[in-house]
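S.K.: Sequence:
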Amino acid sequence: MDRVLALKSLIDLRVALPIALAHLSEFEWECDETLAELKSTHIAGVLNRFLAGELNSPEVESWANAIECREDIRVPDALTREAVHELANPTLTTALTSLRAQWWLSRLRALGI
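Residue numbers (full-length UniProt numbering): 1 to 113.
In case anyone wonders, no lab produced these hints; they're calculated from the structure.
Once the Cα atoms are required to be at most 16 Å apart in a straight line, the calculated EDC-like pairs of lysine to aspartate or glutamate come out as:
id, residue 1, residue 2
1, K8, E68
2, K39, D12
3, K39, E82
4, K8, E33
5, K39, E68
6, K8, E71
7, K8, D72
8, K39, D77
9, K39, D72
10, K8, E26
11, K8, E37
Construct all of the structure, not just a fragment, from the sequences and the given hints.
M.R.: As structure tokens, then:
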């Protein structure tokens with residue numbers, strides 16, 4: 001698997017998070033270019049999976065943490081960056097609950113997702 005596919009698997013959460021992270025561990029951490037983009041639709045997809053019971057809040061937190069500090073993933077807008085930050089840092093911000101997930105989905109819908 002190449003780095004771009006590994007990043008996309010992480011962003012889309014196509015495979016279990018530990019598997020996605022294992023694929024990414026095959027590559028050096030530092031990267032001088034953006035190879036993938038996290039869109040508001042990706043966050044909405046993860047939040048919808050959380051609301052459906054497919055993911056729990058620690059899994060969402062781990063997913064967001066895996067994305068938050070990566071230089072090879074572009075986060076294009078302030079709202080998406082804010083969402084990733086909150087999801088990655090619930091003890092510093094707001095814990096993920098069903099109500100909070102719905103709140104985020106309504107904010108993301110305002111972007112036109």
